[in-house]
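Asker: Sequence:
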Amino acid sequence: MSDKKLLVLDAYALIYRAYFAFISRPIKTSKGQNTSAIYGFTKSLLDALKRFDPTHIAVAFDISGKTFRSELYPEYKANRQETPEDIRSAVPVIKEIVRAMNITILEMQGYEADDIVGTLAKQAEPLGFDVMMMTPDKDYGQLLTDKVVMVKPSRSGADIETVTAADFCMKYGIENPAQFKDILSLWGDTSDNIPGVPGIGEKTAAKLIAQYGSIEEIYKNIDELSKGQREKLLENRELLDMARILVEIKTDVPVDIDFEKLQRTQPNAEELKRLFDELEFRTLMRDVFGEAKPQEKPKPVQTSLFGDADFAVPATEPSLKTINDVQHSYTLVDTDKDIDALIEKLMAVKEFCFDTETTGLEHHTSKLVGISFSVDALTAWYVPIPTDEAKAKAILEKFKPLFENDKIAKVGQNIKFDLLMLKYYGIELRGKLNDTMLGHYLLEPDMRHNLNILSENLLGYKPIEIEELIGKKGNRQLNMRNIDPQKIAVYAVEDADLAMQLKKILWERLDTENLTELYYKLEEPLIKVLAQMEYEGVSINTQALNDYAVELNKELIKLDSEIKEMAGVPDLNVSSPKQLGEVLFERMKIAPDAKRTKTKQYSTSEEELMKYADRHPIVEKILDFRSVKKLLSTYVEVLPTLINKKTGKIHASFNQAVASTGRLSSNNPNLQNIPIREERGREIRRAFIPSGDEYTFLSADYSQIELRLMAHVSQDASMLEAFQSGEDIHAATAAKIFKVPLADVTREQRSRAKTANFGMIYGISAFGLSQRLGISRTEAKELIDGYFDTYKGVKAYMDSCVEQARKKGYVETIFGRKRYLPDINSNNQTVRGLAERNAINAPIQGSAADIIKVAMISIHNKILEQSLKSRMIIQVHDELNFDVYKPELETMKALLKDCMENAIKLSVPLEIDMGVGDNWLEAH
Numbered sequence: 001m002s003d004k005k006l007l008v009l010d011a012y013a014l015i016y017r018a019y020f021a022f023i024s025r026p027i028k029t030s031k032g033q034n035t036s037a038i039y040g041f042t043k044s045l046l047d048a049l050k051r052f053d054p055t056h057i058a059v060a061f062d063i064s065g066k067t068f069r070s071e072l073y074p075e076y077k078a079n080r081q082e083t084p085e086d087i088r089s090a091v092p093v094i095k096e097i098v099r100a101m102n103i104t105i106l107e108m109q110g111y112e113a114d115d116i117v118g119t120l121a122k123q124a125e126p127l128g129f130d131v132m133m134m135t136p137d138k139d140y141g142q143l144l145t146d147k148v149v150m151v152k153p154s155r156s157g158a159d160i161e162t163v164t165a166a167d168f169c170m171k172y173g174i175e176n177p178a179q180f181k182d183i184l185s186l187w188g189d190t191s192d193n194i195p196g197v198p199g200i201g202e203k204t205a206a207k208l209i210a211q212y213g214s215i216e217e218i219y220k221n222i223d224e225l226s227k228g229q230r231e232k233l234l235e236n237r238e239l240l241d242m243a244r245i246l247v248e249i250k251t252d253v254p255v256d257i258d259f260e261k262l263q264r265t266q267p268n269a270e271e272l273k274r275l276f277d278e279l280e281f282r283t284l285m286r287d288v289f290g291e292a293k294p295q296e297k298p299k300p301v302q303t304s305l306f307g308d309a310d311f312a313v314p315a316t317e318p319s320l321k322t323i324n325d326v327q328h329s330y331t332l333v334d335t336d337k338d339i340d341a342l343i344e345k346l347m348a349v350k351e352f353c354f355d356t357e358t359t360g361l362e363h364h365t366s367k368l369v370g371i372s373f374s375v376d377a378l379t380a381w382y383v384p385i386p387t388d389e390a391k392a393k394a395i396l397e398k399f400k401p402l403f404e405n406d407k408i409a410k411v412g413q414n415i416k417f418d419l420l421m422l423k424y425y426g427i428e429l430r431g432k433l434n435d436t437m438l439g440h441y442l443l444e445p446d447m448r449h450n451l452n453i454l455s456e457n458l459l460g461y462k463p464i465e466i467e468e469l470i471g472k473k474g475n476r477q478l479n480m481r482n483i484d485p486q487k488i489a490v491y492a493v494e495d496a497d498l499a500m501q502l503k504k505i506l507w508e509r510l511d512t513e514n515l516t517e518l519y520y521k522l523e524e525p526l527i528k529v530l531a532q533m534e535y536e537g538v539s540i541n542t543q544a545l546n547d548y549a550v551e552l553n554k555e556l557i558k559l560d561s562e563i564k565e566m567a568g569v570p571d572l573n574v575s576s577p578k579q580l581g582e583v584l585f586e587r588m589k590i591a592p593d594a595k596r597t598k599t600k601q602y603s604t605s606e607e608e609l610m611k612y613a614d615r616h617p618i619v620e621k622i623l624d625f626r627s628v629k630k631l632l633s634t635y636v637e638v639l640p641t642l643i644n645k646k647t648g649k650i651h652a653s654f655n656q657a658v659a660s661t662g663r664l665s666s667n668n669p670n671l672q673n674i675p676i677r678e679e680r681g682r683e684i685r686r687a688f689i690p691s692g693d694e695y696t697f698l699s700a701d702y703s704q705i706e707l708r709l710m711a712h713v714s715q716d717a718s719m720l721e722a723f724q725s726g727e728d729i730h731a732a733t734a735a736k737i738f739k740v741p742l743a744d745v746t747r748e749q750r751s752r753a754k755t756a757n758f759g760m761i762y763g764i765s766a767f768g769l770s771q772r773l774g775i776s777r778t779e780a781k782e783l784i785d786g787y788f789d790t791y792k793g794v795k796a797y798m799d800s801c802v803e804q805a806r807k808k809g810y811v812e813t814i815f816g817r818k819r820y821l822p823d824i825n826s827n828n829q830t831v832r833g834l835a836e837r838n839a840i841n842a843p844i845q846g847s848a849a850d851i852i853k854v855a856m857i858s859i860h861n862k863i864l865e866q867s868l869k870s871r872m873i874i875q876v877h878d879e880l881n882f883d884v885y886k887p888e889l890e891t892m893k894a895l896l897k898d899c900m901e902n903a904i905k906l907s908v909p910l911e912i913d914m915g916v917g918d919n920w921l922e923a924h
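For the sequence shown, this note's numbering assigns the number 1 to the initial residue and increments by one for each residue that follows.
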């Protein structure tokens with residue numbers, strides 16, 4: 001390999017790939033800026049620098065405007081969608097990053113980035129360079145030589161893939177990569193709107209060129225072809241000649257390139273840090289700068305070789321204030337006299353903010369270190385809690401009447417945590433709970449809600465980082481108990497002070513945007529409900545899990561043996577993708593066109609193996625093997641490790657401010673994610689049991705709540721009639737779509753109707769439905785057309801949701817929860833389509849989430865009112881689970897039916913299904 005290595009990147013190809021890779025879950029800053037394209041491009045660039053360590057580097061960009069191709073063929077790229085607005089705004093920032101890294105930008109009017117890269121590669125090779133073209137675009141294959149390779153960016157955790165000339169020739173069965181131009185000409189390129197020869201696709205084109213060598217040779221031997229191919233080729237000869245010009249990447253762009261200016265230099269560290277900080281690329285910041293020694297002084301930033309416009313760095317934002325820039329009154333309160341005075345002051349106000357400092361984040365094992373209080377901006381107090389339990393109890397007893405005073409509102413950031421900490425000390429937090437995290441969540445559901453981000457964005461203030469007190473994560477990190485109370489005081493009271501300031505700003509906005517009622521009706525009372533669930537926890541039958549682990553391991557051994565026998569390889573390591581690929585695709589030859597990974601081994605991902613499930617029974621065995629192994633490693637072996645030693649239960653955290661639709665989520669463990677769709681996964685639920693012999697497990701879940709909501713909001717007459725008459729909605733839908741009597745609906749028809757029913761809620765497309773049902777797009781479209789013909793009101797409702805989103809920028813649930821959709825008017829069809837599907841789904845899914853919250857609050861309150869021993873312990877989407885004291889079972893059933901079915905009055909009845917058992921699986 002040469003000691004001169006040139007890396008050149010196709011900017012727009014990488015930018016588009018990055019943007020659409022994150023289209024479903026975009027990366028956004030705390031201010032809402034979409035940075036998916038910027039992050040993805042930058043990550044690809046940094047990965048390539050680390051992997052290849054080039055001596056020279058450049059980035060090629062396209063310039064808007066006509067090119068020689070569009071002059072030749074005006075329809076060239078005419079079918080391209082508009083560039084998404086987030087990509088348009090990302091490109092200038094990406095250029096800033098490239099310049100900050102002292103990397104040359106290449107662009108030239110009239111030519112595309114492909115041509116610039118081709119010219120660069122052509123000129124670099126005779127100068128002794130090894131050239132690496134970084135792009136996901138297959139068209140670059142025509143440029144490959146012994147010294148020129150393609151590198152494809154990493155995907156889904158995989159490494160960067162290098163494609164050599166030999167690899168490319170093997171894939172297409174050709175002798176020279178340059179022949180790929182002829183394959184492309186015959187095949188055409190739909191993305192660039194280049195017409196190929198009708199009836200000739202990728203495989204046929206490759207086969208023809210592999211056999212004859214070139215288009216010219218095909219025409220010389222045209223009589224050897226089938227009649228259909230012969231006629232098509234003769235009819236389209238002129239079109240083919242034009243396509244050949246369009247697909248060829250130019251290697252003679254009229255410009256002299258000074259390779260000295262492409263030499264890699266140190267980045268402008270200060271500018272790069274500024275950009276990464278502004279974009280909130282914290283991980284990339286650590287990757288690039290970490291604990292590294294100071295960089296050398298960078299060389300001057302290079303400009304474009306091809307007459308790029310002058311570049312102006314925008315003015316930086318005003319620097320954030322810190323504690324050193326404000327006049328504050330933060331007081332350490334550590335004597336009985338001062339504590340009494342503070343309590344007297346706080347008892348006289350209508351609202352105060354407080355924040356607990358603890359030894360850790362685990363409620364059951366952590367201890368209080370101190371409590372901070374604030375009433376007015378820049379004024380706060382810190383009360384340390386002694387390690388001596390008697391002294392700690394004495395201080396907390398003084399504060400108990402204050403916290404339990406229901407006439408004084410309490411402010412906090414993630415106040416559920418503080419509520420739980422006090423609960424373990426025998427203090428019940430009463431009065432209105434004004435949580436700044438939840439307030440911001442209602443206002444900006446798609447953004448992050450932690451205190452530091454809110455302070456920086458809304459107050460222009462950067463709080464003290466906790467690492468400044470306790471150090472970075474790791475074995476040497478301290479806890480609050482190890483820190484001087486005077487130092488803790490400043491950090492702790494700053495949090496209380498900032499939360500109090502934020503509350504005033506956020507509550508004004510809640511009022512302006514008509515979200516105050518939603519907060520106090522749903523989110524605020526739910527805090528105590530979730531806290532109680534977390535406090536109670538759920539019992540786990542570890543023996544059941546251990547027994548199941550034995551059973552699964554036996555199954556694993558059996559599957560392993562069967563796979564080896566089918567493969568005829570006794571020493572096969574079934575867990576080795578490399579060995580598995582070789583056995584499947586070389587020894588057994590189950591697929592001649594098997595996909596390879598960047599390391600040249602065969603891909604045995606689940607997605608790939610599913611394609612060959614009907615080729616050989618070994619594939620299903622392998623998928624089973626992996627499923628069993630995942631169950632073991634993700635659930636069966638992990639759940640026992642999450643049991644709290646003090647309580648003997650699992651105490652999951654239930655989160656209100658994560659899902660933008662309003663749904664609750666959970667973690668440690670994620671109870672919503674326990675698999676139930678296949679038998680092995682359902683068995684996990686058997687391990688969730690009542691808390692004792694006097695208790696039983698009760699499960700209650702809404703029956704088809706989202707479809708009932710669709711009937712209500714759409715007011716579709718057919719759907720309303722089906723629910724009001726108690727018909728099987730899926731069978732009723734099938735009868736109408738397939739135009740058969742209800743009694744004659746087959747199981748397959750009902751299954752398809754069920755998929756359609758739920759698919760409509762999510763705005764499913766014909767393509768999506770065809771994938772889901774394993775049918776053609778034509779059949780799927782006919783099914784959707786039949787559905788909308790049956791439920792005309794549903795179609796009208798869906799259209800109205802999209803229209804409302806276009807006008808207002810958001811959609812709402814029945815309770816007024818808003819889902820903002822900034823891409824609803826995007827010029828890019830793909831981006832706009834995703835926003836339109838969210839516009840249809842969010843009001844339904846969000847309303848269902850709101851309804852179960854209403855039910856949870858009502859159930860919680862009635863349990864307290866009636867002094868019942870039974871407790872709500874798990875929430876999973878539309879399902880609630882209870883640890884029920886056996887003598888209260890009938891009372892609880894009646895209570896649940898009342899609270900859940902009457903949570904809201906709809907045009908159709910809400911119904912629940914209930915089950916009782918010795919564990920979650922039996923109850924559900």
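Hints listed in this document are in silico derivations from the structure and should not be mistaken for laboratory results. Any given hint might turn out to be false.
[Claimed, not checked] Derived SDA-like pairs (lysine to any residue); straight-line CA-CA distance at most 25 Å:
id	residue 1	residue 2
1	K31	N414
2	K77	E270
3	K558	I590
4	K138	G65
5	K621	V713
6	K739	G774
7	K611	S154
8	K808	S575
9	K321	R286
10	K578	I540
11	K250	R286
12	K897	G774
13	K808	Q715
14	K629	Q715
15	K862	N902
16	K869	I540
Asker: Hints first: check each against the structure and report whether it holds.
Answerer: Quick rundown of the hints versus the structure:
1. K31 - N414: holds, 20 Å
2. K77 - E270: Violated, at roughly 40 Å.
3. K558 - I590: holds, 22 Å
4. K138 - G65: Holds, at roughly 24 Å.
5. K621 - V713: violated, 46 Å
6. K739 - G774: Measuring from Cα to Cα gives roughly 22 Å; hence the hint holds.
7. K611 - S154: holds, 23 Å
8. K808 - S575: violated, 52 Å
9. K321 - R286: holds, 23 Å
10. K578 - I540: At roughly 38 Å apart (the allowed maximum being 25 Å), I540 and K578 break the hint.
11. K250 - R286: Violated, at roughly 40 Å.
12. K897 - G774: violated, 38 Å
13. K808 - Q715: holds, 22 Å
14. K629 - Q715: violated, 47 Å
15. K862 - N902: holds, 14 Å
16. K869 - I540: The hint holds at about 19 Å.
In summary, the structure is inconsistent with hints 2, 5, 8, 10, 11, 12 and 14 from the numbered list given earlier, while agreeing with the others.
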